[in-house]
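Participant: Sequence:
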Amino acid sequence: MIVVDSNIIAYLYIPSAFSTAAEKLLNDEPEWAAPVLWRSEFRNILTGYFRRGDLTLAQVMAIQAEAEALMAGNEFDVESDAVFELVQASNCSAYDCEFIALARMLGAKLVTMDGKLLKAFPDKAVALAA
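Using the working numbering, read the sequence shown as starting at -6 and increasing by one per residue.
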């Protein structure tokens, strides 16, 4: 099992320079986990594509449903104290620290392209391989 941030999930469903790498990651590591927060962040990503006219309402709703099906059973609550300890130890947002807190809780790596997380938590955060 690996923890993935919301952008890694988005790369699966929204074509980008990282889509092929995300597909390979899913093939190599098919059990993805994320804090429940991922849903809201993913909705926000899709909202941007909808508001720019890149995706229709029907498309964003279908993509959200498909992503939720992918992540079903692997969404976790994280302890606030753990998040705040990570906030104290870094310059990362509480939102981002939720992903690191989950990775620590599960004894897993976080796959991300977030430069701040990669720099602040090199013991847990790894970049999506191109």
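Check the hints yourself; a few may be wrong.
Unchecked claim - Distance ranges between label pairs, derived from CB positions:
| hint | residue 1 | residue 2 | range |
| --- | --- | --- | --- |
| 1 | E68 | N20 | 34 to 42 Å |
| 2 | R44 | M98 | 15 to 23 Å |
| 3 | G46 | G66 | 32 to 40 Å |
| 4 | F43 | A122 | 23 to 31 Å |
| 5 | S12 | R44 | 30 to 38 Å |
| 6 | D70 | K102 | 13 to 21 Å |
| 7 | F69 | M106 | 27 to 35 Å |
| 8 | V80 | N20 | 29 to 37 Å |
| 9 | F43 | K102 | 26 to 34 Å |
| 10 | G46 | E78 | 26 to 34 Å |
| 11 | E68 | K17 | 18 to 26 Å |
What the hints assert, rightly or not - Only pairs whose alpha carbons sit at most 20 Å apart, straight line, appear in this in silico SDA-like list of lysine to any residue:
| hint | residue 1 | residue 2 |
| --- | --- | --- |
| 12 | K112 | D70 |
| 13 | K102 | A65 |
| 14 | K17 | I7 |
| 15 | K102 | L63 |
| 16 | K102 | A75 |
| 17 | K102 | L50 |
| 18 | K109 | A120 |
| 19 | K102 | A55 |
| 20 | K17 | L50 |
| 21 | K112 | M64 |
| 22 | K109 | R97 |
| 23 | K102 | I7 |
| 24 | K17 | Q81 |
| 25 | K17 | S86 |
| 26 | K17 | V71 |
| 27 | K17 | V29 |
| 28 | K102 | A58 |
| 29 | K109 | P23 |
| 30 | K112 | N0 |
| 31 | K102 | D116 |
| 32 | K112 | F77 |
| 33 | K102 | P23 |
| 34 | K17 | Y88 |
| 35 | K112 | A101 |
| 36 | K109 | S86 |
| 37 | K17 | N84 |
| 38 | K17 | A122 |
| 39 | K102 | D70 |
| 40 | K17 | R36 |
Please keep in mind that the hints were generated in silico from the structure rather than gathered at the bench.
Just so it is clear, CB atoms sit at the ideal spot from N, CA and C, and this is done for glycine as well.
Participant: For a C-alpha distance cap of 20 Å, please report whether K102 and D70 respect it.
Facilitator: Holds - the C-alpha atoms of D70 and K102 are around 17 Å apart, at most 20 Å.
Participant: Please work out if K109 and R97 have their alpha carbons no farther apart than 20 Å.
Facilitator: Holds - the C-alpha atoms of R97 and K109 are around 17 Å apart, at most 20 Å.
Participant: Do the alpha carbons of K17 and N84 lie within 20 Å of each other, as the hint requires?
Facilitator: 30 Å, violated
Participant: So if I understand the rule, the pair passes when the alpha-carbon distance is 20 Å or less; does K102 with D116 pass?
Facilitator: At roughly 8 Å apart (the allowed maximum being 20 Å), D116 and K102 satisfy the hint.
Participant: Within a Cα-Cα threshold of 20 Å, do K17 and A122 meet the stated pairing?
Facilitator: Holds. K17 to A122 sits at ~9 Å (cutoff 20 Å).
Participant: Given the proposed pairing of K17 with V29, does the C-alpha separation stay at or below 20 Å?
Facilitator: 24 Å, violated
Participant: When you take the CB atoms of F43 and A122, is the distance between them in 23 to 31 Å?
Facilitator: With a Cβ separation near 30 Å, F43 and A122 satisfy 23 to 31 Å, so the hint holds.
Participant: Check whether the Cα positions of K109 and S86 lie no farther apart than 20 Å.
Facilitator: Cα-Cα ~9 Å, so holds.
Participant: How does the Cβ-Cβ distance of G46 and E78 compare with 26 to 34 Å: does it lie in that range?
Facilitator: 42 Å, violated
Participant: Does the structure keep K17 and L50 at a Cα separation of 20 Å or less?
Facilitator: 28 Å, violated
Participant: Sort out whether A101 lies within 20 Å of K112, counting only the CA atoms.
Facilitator: 17 Å, holds
Participant: Does K102 pair with L63 here, judged by a C-alpha cut-off of 20 Å?
Facilitator: Distance ~18 Å between K102 and L63 Cα, so the pair holds.
Going through the hint list in order, the structure does not satisfy hints 1, 2, 5, 7, 10, 12, 17, 19, 20, 21, 23, 24, 25, 26, 27, 28, 29, 34, 37, 40.
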